[in-house]
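Chains E and F, in that order, give the protein sequences. Under this note's numbering, think of the first position of the first sequence as 8, with each following residue one higher. Under this note's numbering, think of the first position of the second sequence as 705, with each following residue one higher.
It should be emphasised that the hints constitute simulated quantities derived from the structure, not laboratory data. The beta carbon of each residue, even a glycine, is placed where N, CA and C say it ideally should be. Just to be clear, a hint being listed does not mean it is correct.
Some but not every residue of chain F turned toward chain E, in silico, with C-beta under 8 angstroms [claimed, not checked]:
hint	residue
1	L772
2	A871
3	S911
Some chain E residues close to chain F (C-beta under 10 angstroms, calculated; not the full set) [to be verified]:
hint	residue
4	L47
5	N54
6	A68
7	D91
8	I96
9	E100
10	V114
11	V137
12	R139
13	Q141
14	V143
Given next are the chains, with one letter for each unit.
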Amino acid sequence: MNDEAPTKPVSAADELTEPFFAAGAEGRLLLARCSSCAELRLPIAPNCPSCLGGGYEWEEASGRGTVYTFAVMHQRYHPAWEPDLPYNIAVIELDEGPRLPANLIGVDNADITVGLPVEVVWEREGDAPVPRFQPVRAV
Amino acid sequence: MGHRLRGAAAITGLGITPMGRIYGKSSTDFAVDAVRLALADSGLAKSDIDGLLINAGITGFQGDGLGLGLQNALGLSDLRLLNHMNAAGSTAAQMVHYATMAIDAGMATHVVCVFADAPLREGGSAAAAYGNAGRRSGPQGIQGLSAGAGHFGANTAYALAARRHMALYGTTQDQLGAVAVAERAWATKNPMAKMQDPLTLEDYHASRWIVEPLHLLDCCLVSNGAVAVIVSPADRAAGMPQPPVYVWGMGQGHPGDTRRAGDSPETETGARFAAKTAFGMAGVGPEDVDVCELYDCYTYTVLVTLEDYGFCKKGEGGAFVEDGKLGPGGSLPTNTGGGQLSSYYMWGMTPLSEAIIQGRSQGGDRQVEENDVILSTGNGGALNYHAALVLSPHAS
């Protein structure tokens, strides 16, 4: 028998995204700006899906955005997530345009709304930096 | 003059295996069963078949092996057309597209299109069958952020899409439930349907959450089984045993998703432009459609698909379905076999098989009165891939 508690599968840096996760470990959210057409994106391939040009430079994003949509998970799919049920998962539309999936923290599931202003908070699962978002505090 | 391909081909054979929790067979075994049934249905001999198009279900991505080898499992020699296709849930309709085009081009005569899947294991849940499909290695990179945030499977993706629609347009849980209730009412009239108990809106609300805003009863079944259809030239179809179901219109729509501001794949699907192509070829509009067989992996899929075909305006799908018009006796009979929600889940073959049955007027207790124009759709990914067929019992 394996008595170790199951661990959540956390996204690991690959060759292309090493700078993204390294910056995350420092609490900064990076986006890539295409060297050819200047579109901001989160790269999933060496070439830009907009202009198909190669090359990009990382630049720091505001870390702010809004909840584009969200859902609340009730079904148990992975044992490591079971203690968190029901947990939320959201798609955040960053102020710069790109969208990324993330959990929301610091808000009850019942209080989440589409359009809610949020900001990034980098947390850790084990050693891995994980971007999560919390409601923007009223100034 | 109408479009050259309108009525050029017809569906002349249909084979549906027993469905559901049937164990001990691979998806290839099921596919062979379905093709045998379709051949018997069509009156064709195996030697008449010169085209084979194959669509593996989720087990095709799990090493189950349904693929080009099906040709040899079926003992089909000297095929003039063969492919193993994958455009997810839009593939079934697409197989009929490519079969029709190949027949028109003189590249094939009788084309078998087959889908098979066998993800259910004895004692295993539907969630086990689908929830972790294809997730063998750990998540990586930006794409991996999704799994890293606990996003598992299509249920989550469609919950996110439905929530977006609810927020933009005020779509309600009752309206999603109306789709489930209407389809179940049809299922009670379909002996092949797995779910036979009548369903009320209260039952719907009482069903457990899977991924909020989706209840269990918003989500399709998972089934083991196979469906095969045979596409033939229209001039041959007229002399064959079954009433032909003619292909009047075909269209596809795959909008893409750049995952940035401005795209709205969750609420504006490829059906918007698949509709233009398919209706244009058929020379009809939504007002002419007598019966809809829509891909219904989730209740929400039906609602957004109806909008994108122009049955109602964008955002009004909820109000459109709420009055029960999709159910028996309603003004727009939809998913008349119970759909993927209540009958069986054979990806795009669920709507297509029921469209053929309705087109043949073989629906028994659930047969619709008017079946001159039938819309049958396929949808795949997270609303990323869409294909349409406009079918009719009439040659022209």
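Discussion item. Name the hints, by number, that the structure is in violation of.
Written reply: 1, 3, 5, 6, 10, 13 and 14
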